[in-house]
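The primary structure of each chain is shown beneath.
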Amino acid sequence: MSDHHHKETFVTKYIFSQDHKMISKQYLVTGIFMGVIGVFMSMLFRLQIAWPDHSFSIIEAFLGRHQDGGVMSPDIYLAIVTIHGTIMVFFVLTAGLSGTFSNLLIPLQIGARDMASGFLNMVSYWLFFLSSVIMVCSLFVEAGPAAAGWTIYPPLSALPQAIPGSGMGMTLWLISMAIFIASSLLGALNYIVTVLNLRTIGMKMTRLPLTIWAFFVTAIIGVVSFPVLLSAALLLIFDRSFGTSFFLSDIFIQGEVLHYQGGSPVLFEHLFWFLGHPEVYIVLLPALGITSEIISTNSRKPIFGYRAMIGSIIAIAFLSTIVWGHHMFVSGMNPFLGSVFTFTTLLIAIPSAVKAFNYITTLWKGNLQMNPAMLFSIGLVSTFISGGLTGLVLGDSALDINVHDTYFVVAHFHLVMGVSAIYGMFAGVYHWFPKMYGRMMNKTLGYWHFWITAVAAYGVFFPMHFIGLAGLPRRYYSNTAFPLFDDVADVNIVITLFAILGGAAQLIFLANFFISIYKGKKAEQNPWRSNTLEWTTPVEHVHGNWPGELPTVHRWPYDYSKPGQPEDFVSQTTPLMEGEEES
Amino acid sequence: MTALLYVLLAIVLAVAIWQITSILNLKGTIATDKDNNTQGILFAAFGIFFYGLMIFSFWKYSVILLPDAASIEGESYDTLYLVTMLLILFVQAITQFLLFYFAFKYRGIKGRKALFYADSHKLEMIWTIVPAVVLSGIVLYGLSVWNDVMDASDAENPLIVEVYAKQFQWEARYAGEDNELGLANVRNIKGINTMGVDMTDKNANDDVPTRELHLPKGRKVIFKFRSQDVLHSAYMPHFRAQMNCVPGMVTQFAFTPSMTTEEMRANDKTIAKVEGINKIRADKGEDPYEFDYLLLCNKICGSSHYNMQMKIVVQEEADFNAWLKDQKTMAQVVVQ
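Taken in sequence, the protein lines are chains L and G. Letter by letter, the first sequence follows residues 1 to 583 in our numbering. Letter by letter, the second sequence follows residues 1 to 336 in our numbering.
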């Protein structure tokens, strides 16, 4: 395959490419584009929360008649919050993160020429692209985009009478998500098959880098849980358009009784969260895998507890499918189920704690190379701990009662999955940029990017816990209707200022990223002196990855600073020395 | 504080622009010893910022938190919360310290070799078993509280109240003298019968519909929640109580109020919080605020979700009974 040269046109090379490296870049750039939209929306609603009565004429330019007189309307506020959540969770942190790095790294790190099916891989990307286009288009429909929250609970999401966004906006949302799910299933199946079948000689499962373990297990969770969301979306389409009553019953709205009878919104909640919770780990595990790899490389030390790390990835994945009910403690579900879900939920803290301690131990007595990727990885461990610990409050059914749906939850999940996963994504971009583009990113800008982001992220989300504990519900367009909440107004201003700071810091990243693609310093073959196979490929991309034979693997990927070795790293392709034991 | 942040923001933007324009001259890409040193020190500084932010937040924002729980169940909630929070802060303080300290202490130096340390069965056992044991304790404690709180049995002659949600207001219905709510369904909604009470059901006649929630101190109250259109959530933060209102089904929650509105107004924490609020209101030229318990909607339900509330008044039982007697029953309301 690699021997004879394919004749490639512009279209097959850059657009309908079947090369996993190109597809990975397509995912990344699309993800970044969606990320810009998602972050921009958070800026808009943070302005509204901080200064609810203030008129922002600049924003009127973006929202038009939804921002009459420079003040956002409640409906469009809810719509922006909804689309922010949808875009960030699915389009940026699922497709943008997992799509980019699974595609780039699975073939390169296991020693394969490409994905098992290049064609499916291409279809997967283009379905993702299509769903992104539809989601973006939904922003421009007349009644505004979907506005029922990213969890789109019916009946609010089912009835256009209930909120304008539940008209055309919601239809487009559902179509976009259905296509998105198809895309992510095709991708996930490809990843699973590739990891199982295309590992090169010597690449045993126990010699896989933790990145690959994370992507592999993530793909399995996706295959198990995404179809359930698809079924929920389809049933919701039926309720909306064909008069069925899966999720609706006994509804009186705008002066009339609707015909629905016998359905239950709680059923939708079950179906939604059967994906929704594993989704947290679909987002987080790849970030943790990337972090494992980067912390080990840059500490010049083996990752501590490799087998325990694999074990905890598998344990987290398994548990993630039996904890969804902790989003529903106050949904009216039987309290006994609440007890069961509390138990399974808090079990997840054990493998998570193991991972956190293992990362910290990996740093211990290391020789830390403070590259921007390393900074983001250390940052990830910090936010993962800060966000994860408050999970003890939310996962405990009794304690959840009073903080459920308050800003406490918002602070929790933004730290543990939002910020952590996005740090993982940044870390990955800084680390593998040379592999993707053959050039290096600028480190000084990377440092500025990290430190401003790190200060801003804690500045936003740490105080946010307190306004949640003050009883402030999330998704309130304004707090002015409650004198009780007058004293959180100042906190909200602080949060918004930090949010703007954090948003602005991303401009540094964008500039660094796009300028470096064209003007960055040319990369060496193995700039981070890393062990894994991707750094044995030539800097210039070739179809098939390795110009000659596929490499043969002789050892695990974490032989950093191994005693008796001349260098502080040993490529996986280096045979064991005489008398050397494999770690 | 705000002004400081504006200044910070301006500085950052200026630096960003300066940095971006000078990118063409900066070709540094891989961390040198100097970078390792600077960044390691920055991690130590960040650790200090981190703890500073934590301490600052606790010092500055404690006053905005909810005052003491106003229900008996809420008191055990608060104890469980305190225990959990202390545990969280303990683990947080130690792990974050180690993380930032190691990042500082082991910052790279050329020529130094890292310790090859790939595994330790003992250590891993420790941090599997210790969290497991601690979590078991938390789970058992949490579940005992959960079982108490979710106990909606009628062993203690509870008061039965229906809380009814619709876009964008709350209504309530007391079960009346027989303490049994009449049947209801949205298909019966007509004119003044806004909750769809089935007037052919004999239990319905003595039911008392109201627009304000009054509760007796010291008597257990069982709430039955209904919604007429979309999901809502009845959130009563002062009582540590919340339950979703789901169209097509009845959900329930129970608690025993332990402080009257008057008593809560005289509570130290409430006074401090109200003072803080009134200082802000005075600056804005608004009327002073007097504390009241509230029921608010905590599940996204449409445009005016942010203003869907009902006042709750907790009274001594005798005062409550007198108030309830003054209200019109369903029979009186609908017949009129």
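Think of the hints as simulated: they come from the structure by calculation, not from any bench. Warning: the hint list may mix true and false statements.
Stated by the list, open to error - With a cut-off of at most 20 Å between alpha-carbon atoms, the simulated SDA-like pairs for lysine to any residue come out as follows: (1) Lys110/G to Pro527/L; (2) Lys365/L to Tyr117/G; (3) Lys27/G to Lys204/L; (4) Lys204/L to Pro527/L.
Consistency of the hints with the structure:
no.	hint	result
1	Lys110/G to Pro527/L	holds (16 Å)
2	Lys365/L to Tyr117/G	holds (9 Å)
3	Lys27/G to Lys204/L	violated (39 Å)
4	Lys204/L to Pro527/L	violated (26 Å)
Hint compliance for this structure: hints 3 and 4 are not met, and every other hint is.
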